[in-house]
Amino acid sequence: MEHYTMNLTLKVWKQKNSSSQGAFETYQVKDISSEMSFLEMFDVLNEQLIRDGKDPIAFDHDCREGICGMCSMYINGQAHGPWAKNTTCQLHMRAFKDGDTIVVEPWRAAAFPVIKDLVVDRTAFDRIIQAGGYISVNTGNAVDANAIPIDKKDADDAFMAAACIGCGACVATCKNGSAMLFVSAKVSQLALLPQGEPERDTRVLNMVAQMDKEGFGNCTNTYACEAECPKGISVANIARMNREYLRAGLKAD
Amino acid sequence: MTWKQFFTSSIGKKFIMGLTGLFLISFLVVHCTINSMIFFNDGGEMFNTYAHFMSHNYIIRVIEVGLFAGLLAHIIQGLMLMKQNSAARPVGYAANAAGKNSKWYSRSMGLLGTLLLFFLVLHISKFFVNTKIALYSGDQPHNTFEEMKEYFQQLWVVVAYIAGVVSLFWHLLHGFPSAFQTLGINHKRYTPIIQAAGTAFSVIVCLLFALMPLSFYLGWIN
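Protein chains in written order, with our numbering: chain A, 1 to 253; chain B, 254 to 475.
Don't read these hints as lab results, they were simulated from the structure.
Small disclaimer: the values here were computed from a predicted structure and weren't measured.
For each residue, glycine too, the CB sits at the ideal point set by N, CA and C.
Among the hints, erroneous ones may be present.
Claimed, not checked - Pairs of lysine-lysine residues, derived as DSS-like cross-links and limited to a Cα-Cα distance of at most 27 angstroms, are as follows: (1) B/Lys353 to B/Lys379; (2) A/Lys85 to A/Lys11; (3) B/Lys402 to A/Lys231; (4) B/Lys353 to A/Lys11.
To be verified - Among chain A residues calculated to face chain B with C-beta under 7 angstroms, some are: (5) Gln78; (6) Lys175; (7) Asp212; (8) Gly232.
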């Protein structure tokens with residue numbers, strides 16, 4: 001692949017804190033390598049801003065290898081930018097051309113308030129997990145991993161659901177700010193396995209109740225979440241969660 | 254868990270939309286089939302026979318109450334969802350490439366539904382109300398066919414009806430398969446069949462409905 005450098009105009013959301021009014025700021029970056037990641041380009045920009053005595057741009061990041069779910073930028077109108085099944089940290093500058101203008105915004109949702117600039121508070125997801133995204137395990141010696149036979153398809157489906165990194169791109173993308181894809185992945189990965197059976201009913205009821213309490217919107221099946229999910233989580237999980245909810249809801253006292 | 258908790262949860266609200274939506278789809282099958290009797294072009298004889306049956310049969314008249322209840326539930330729940338969903342994103346995006354990840358009509362169900370509501374006000378205030386007036390004033394047999402023929406001579410009415418049917422088409426194209434997903438039916442083999450059936454249903458029903466005012470206006474039926 002051809003290597004090249006580019007000069008870019010960046011329009012980035014700057015917001016001092018959750019209570020202040022934010023606005024876009026325009027920055028120029030020069031000689032960006034096509035082999036840099038999008039976050040490395042931001043590192044270059046921030047070093048430049050620090051040298052100039054200006055406030056660097058706050059953004060979330062951790063592993064930078066596409067598995068932690070921390071990076072969360074809405075780039076040119078798409079969560080994690082233009083590449084499919086990809087996180088912002090794995091987006092490379094070869095996705096852009098010399099002279100491009102790139103608009104970068106934080107996730108927008110009532111349940112994800114902006115902390116600063118591009119950093120949003122995603123602890124709503126943690127509270128949903130705390131409401132039921134777990135299994136009970138006895139203390140003592142570790143149980144043999146293969147003691148319980150599990151159907152290959154169920155194991156595969158559970159694994160596919162467990163690939164969710166909780167980045168929040170589904171919420172950011174959904175026109176309703178709905179967290180259904182995230183919650184359904186977390187419900188599915190446990191509902192499909194025998195280990196998840198004891199809390200199967202209470203899990204889905206409690207997690208959905210917490211999701212609603214956090215102020216996420218309602219799913220209208222546009223499937224934008226699936227299209228933008230960096231891990232390719234399927235909306236089949238949402239259908240499964242609906243079934244689980246129906247089952248548990250009808251059975252509950 | 255109370256029934257209220259169940260049906261006011263985000264998934265419970267989806268169930269209400271999906272179930273009432275499918276119920277309204279089943280009504281469209283009946284409505285479209287009976288109205289298509291005008292295409293026999295027999296001066297409305299066949300059509301009026303069925304129209305008379307529909308307005309006089311007691312079972313149908315009980316179901317009619319259920320139909321209005323279902324329609325109202327669909328409308329009210331839909332409007333409430335629109336309000337809640339827009340509150341879930343108080344600050345919008347400056348750049349939003351929504352067209353890259355979803356279909357415009359899937360994102361516009363609220364708007365399409367509102368357009369349909371305007372159409373329904375026009376539609377019901379004419380045919381449904383007139384049929385009821387005729388029924389209770391003893392003005393029988395009521396000639397709905399002649400009423401249609403006369404009404405559809407006006408260009409603005411024909412345009413309004415076709416606009417209503419176009420809104421219905423896009424609303425159904427999303428709504429039909431979406432209702433199944435909501436009720437938990439998502440399957441490698443069945444979902445493509447549901448989607449194909451939904452598309453076929455939307456095309457056939459809306460084409461027949463659009464042909465009705467058009468046929469009267471152009472004099473294909475008289």
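Min Cβ distance, A/Gln78 to chain B: is it shorter than 7 angstroms? 5 angstroms, holds
Does A/Lys11 sit within 27 angstroms of A/Lys85, going by the straight-line distance between their CA atoms? 24 angstroms, holds
When the least beta-carbon distance from A/Lys175 to chain B is tested against 7 angstroms, hint result: 5 angstroms, holds
Hint consistency between B/Lys353 and B/Lys379 [alpha-carbon to alpha-carbon, up to 27 angstroms]: Answer violated: B/Lys353 to B/Lys379 is near 41 angstroms, above 27 angstroms.
Regarding the pair B/Lys353 and A/Lys11, is the alpha-carbon distance no greater than 27 angstroms? Roughly 21 angstroms separates the two Cα atoms, so the pair holds.
Just to be careful, I want the Cα atoms of B/Lys402 and A/Lys231 compared with a cutoff of 27 angstroms; is the pair within it? At roughly 57 angstroms apart (the allowed maximum being 27 angstroms), A/Lys231 and B/Lys402 break the hint.
Given a cut of 7 angstroms on the nearest C-beta pair, is the interface hint for A/Asp212 held or broken against chain B? Where the cut-off is 7 angstroms and the nearest Cβ of chain B is about 5 angstroms from A/Asp212, the hint holds.
Do the numbers back the hint for A/Gly232, that is, is its least Cβ distance to chain B under 7 angstroms? It is violated, given that the least Cβ distance between A/Gly232 and chain B is near 13 angstroms, above 7 angstroms.
Checked against the numbered hints listed earlier, the structure breaks hints 1, 3 and 8; every other hint is satisfied.
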